[in-house]
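**Q** Kindly generate the complete structure, drawing on both the sequences and the hints.
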Amino acid sequence: MHNVIRGGIAGAIATAPMTWTMKAADRYVPRQSQGRLPPRQITEHALEKAAVKHRLANDHIDALTVAAHYGFGAAAGGLLGAAAGRLPLPRPIAGAAVGMAVWAASYLGWLPAAKVRRSAIEEPAGRNMQMIVAHLVWGAVAGSLLDAVSVRELES
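Number 64 in our numbering belongs to position 64 of the sequence shown; there are no gaps in the numbering.
In short, the hints are calculated from the structure, not lab data.
Check each hint, because a few of them may be wrong.
Distance condition first, Cα-Cα at most 30 Å in a straight line; then the derived DSS-like pairs of lysine-lysine [to be verified]: (1) 53 - 115; (2) 23 - 49; (3) 115 - 23.
**A** Here it is, written out as structure tokens:
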């Protein structure tokens with residue numbers, strides 16, 4: 001259980017450099033694909049499905065986007081924490097592998113299946129590269145942080 005908690009904390013922290021990477025790389029994506037990044041698109045889709053988006057100010061949608069993105073990063077980090085000890089790889093490499101698995105499961109799997117966004121296969125190569133690099137950054141940072149996060153220190 002401690003590995004899942006440590007992974008969750010590491011995943012939440014690693015979401016910051018991941019987000020910076022997505023924003024920095026946005027200028028290299030084709031102009032028609034720039035703008036709202038996937039976390040914002042996913043949040044807006046959920047709010048539309050819940051029929052509440054029209055009631056929220058843009059600032060509130062921004063805050064919900066950040067909360068959802070960091071929450072997802074923490075949840076994925078929990079999976080990393082559970083899996084990292086079973087992967088015979090250095091932690092940053094194991095993290096990057098889990099980051100790629102999260103990207104594939106999301107952008108090739110559940111997001112298109114739920115009709116939240118189109119499959120990565122249909123996206124411009126630049127957008128895919130942006131998101132793949134961001135997920136590699138997330139994973140490498142989260143993996144590196146796994147050993148740095150001590151649950152005992154948090155409990156005392």
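**Q** All the hints need checking, so say for each whether the structure fits it.
**A** Going through the hints against the structure:
Taking the CA atoms of residue 53 and residue 115, the gap is about 17 Å. The hint holds against a cut of 30 Å. The hinted pair formed by residue 23 and residue 49 meets the criterion: a straight-line CA distance of about 26 Å does not exceed 30 Å. A distance of roughly 24 Å separates the Cα atoms of residue 115 and residue 23; the hinted pair therefore holds under the 30 Å criterion.
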